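Here's the letter readout for the chains.
Protein chains: 4
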Amino acid sequence: MKAMPESLTKDQFAIKTVGIELIEAEPGKARAKLRLEEKHLNGLGIVQGGAIFTLADFALAAASNFGSPAVSIQANISYFKAVSSGTLYATAIEESRTTRLGTYLIRITNESDELLALMQATVYRK
Amino acid sequence: MKAMPESLTKDQFAIKTVGIELIEAEPGKARAKLRLEEKHLNGLGIVQGGAIFTLADFALAAASNFGSPAVSIQANISYFKAVSSGTLYATAIEESRTTRLGTYLIRITNESDELLALMQATVYRK
Amino acid sequence: MKAMPESLTKDQFAIKTVGIELIEAEPGKARAKLRLEEKHLNGLGIVQGGAIFTLADFALAAASNFGSPAVSIQANISYFKAVSSGTLYATAIEESRTTRLGTYLIRITNESDELLALMQATVYRK
Amino acid sequence: MKAMPESLTKDQFAIKTVGIELIEAEPGKARAKLRLEEKHLNGLGIVQGGAIFTLADFALAAASNFGSPAVSIQANISYFKAVSSGTLYATAIEESRTTRLGTYLIRITNESDELLALMQATVYRK
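Chains as they are written, first to last, in the numbering used here: chain A, 1 to 126; chain B, 1 to 126; chain C, 1 to 126; chain D, 1 to 126.
One chain only, chain A, in its complex shape (with noise of 0.2 Å):
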């Protein structure tokens, strides 16, 4: 992995307090994933969606902090399967980028790669 953004390795809550790890990084796409524990659950047992999109927004910062720094502006999540356990995966693939604006599309999968969930966001770049 190219070296990751120095902001991305200081984010407390995406890595200390949730406790996502980020396993790809290159401009444009990026991967992270998140080992499920008892802390990510809603009181149905099941994972919080602010988890999942805690996940996914990471990648999406990996994927789109290389060059200027770039600042989520707008999300869209759709949810689609619930999970209790296992590990969740989150890849962001680059759509579009112009100078200033650029969308990604996020998906989350577990480990049989099943799409758990699917997002589309717009970063900006200043």
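Take the hints with a grain of salt, since some may be wrong.
Where chains are identical, the list cannot tell them apart; a pair therefore holds if satisfied intra-copy or between any two copies.
Said to hold, decoys possible - With a cut-off of at most 30 Å between alpha-carbon atoms, the simulated DSS-like pairs for lysine-lysine come out as follows:
| no. | residue 1 | residue 2 |
| --- | --- | --- |
| 1 | K126 | K10 |
| 2 | K81 | K126 |
| 3 | K39 | K126 |
| 4 | K126 | K16 |
| 5 | K29 | K10 |
| 6 | K126 | K29 |
| 7 | K29 | K81 |
| 8 | K16 | K81 |
Hints in this document: simulated from the structure, not taken from any laboratory. Remember, it's a predicted structure, so these values are computed and weren't measured experimentally.
Using the hints provided, position chains B, C and D relative to the given structure of chain A.
Below, chains B, C and D alone, put in the same frame as chain A:
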């Protein structure tokens, strides 16, 4: 506040891991808050998008989980302003409800009532 | 109504092809209407989603095109209720504005003020 | 192309008013096209967002209306590049399907296969 659905009180991710507190919940309307700490920040020193999303998602769950259980199937969030300290509030309001589907707007504000983010989300009831 | 931006009066698709009429426009707020005819219906005999979207998009353009030109970069729409006749209204309100970005909510209603659809959209100013 | 659902052939808005043509349809995948004319342009002389949305929405309807009827309940579209002439194509692919819900990605391209817009949409089956 009316009796909070038990499933909400057991949300380990929102309540314990992230530290969100529900402050109001009735059918179709709910309000939650998050006191920002270092653990909610990203590598740029501002609150991570996933923490804001989780706050909004928890208010959504509280507003929609009356009667039959509701699960989020889609959420779209726009971010307007970055913050790094203080307390955040999310207020969820039901905009539409049919037998199986519901749509909600969730406004995320700071202590000065500035709008920091806005979420539009859909839930599904089995 | 203040002077409508000239670019709006020349919108052939919204005005001529679809038949939308602007009824109010000021910075950050606009209202448009569409009298439903057979030509707006889909194969199920209800108004096609694209007609509703275009109505909302035109109100968005009218609310956001003051000062520098604004182009839509993203829109999320939820549909609640199908209709096949009558007049539809779209009311766009600015929720956030920075130098380059703006976010708007657009409510689509019928003559009885029932909420038929809701759009959240982002514009970009060069 | 397999037999197109009759409801699609009767879509007056998409087919007659806007001028969209379906070129491929099978369960979970469909492709439609729109030859741009003056009537599709907005006041800036570029194709109106509602025309692009309608093209994508028609491909979505063709990909999802096999078996029980499906109605769109939500769609999120991002716009990347403005065009004013030529032919546009929309390709809809099913990403997820349960008994009642389905999620689709729709890519809108020009004749050079450049990605002009991207839609993520949810349908509901009664």
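Each hint, compared with the structure:
Taking the shortest alpha-carbon separations for K126 and K10, only the intra-copy value of 21 Å comes in at or below 30 Å, while the best inter-copy value is 32 Å. For a Cα distance limit of 30 Å, the shortest separation of K81 from K126 across copies, 14 Å, qualifies, whereas the shortest one inside one copy, 36 Å, does not. Taking identical chains as interchangeable, the C-alpha atoms of K39 and K126 lie at most 30 Å apart only when they sit on different chains, with a minimum of 26 Å there against 36 Å within one chain. Only within a single protomer do K126 and K16 lie at most 30 Å apart by alpha-carbon distance; the minimum there is 28 Å, versus 35 Å between protomers.
Taking the shortest alpha-carbon separations for K29 and K10, only the intra-copy value of 20 Å comes in at or below 30 Å, while the best inter-copy value is 36 Å. Both within a single protomer and between protomers do K126 and K29 lie at most 30 Å apart by alpha-carbon distance, with minima of 20 Å and 27 Å respectively. With identical chains, the CA atoms of K29 and K81 are at most 30 Å apart both within one copy (24 Å) and between copies (21 Å). Taking the shortest Cα distances, K16 and K81 sit within 30 Å of each other both inside one copy (26 Å) and across copies (24 Å).
The structure agrees with every numbered hint stated previously.
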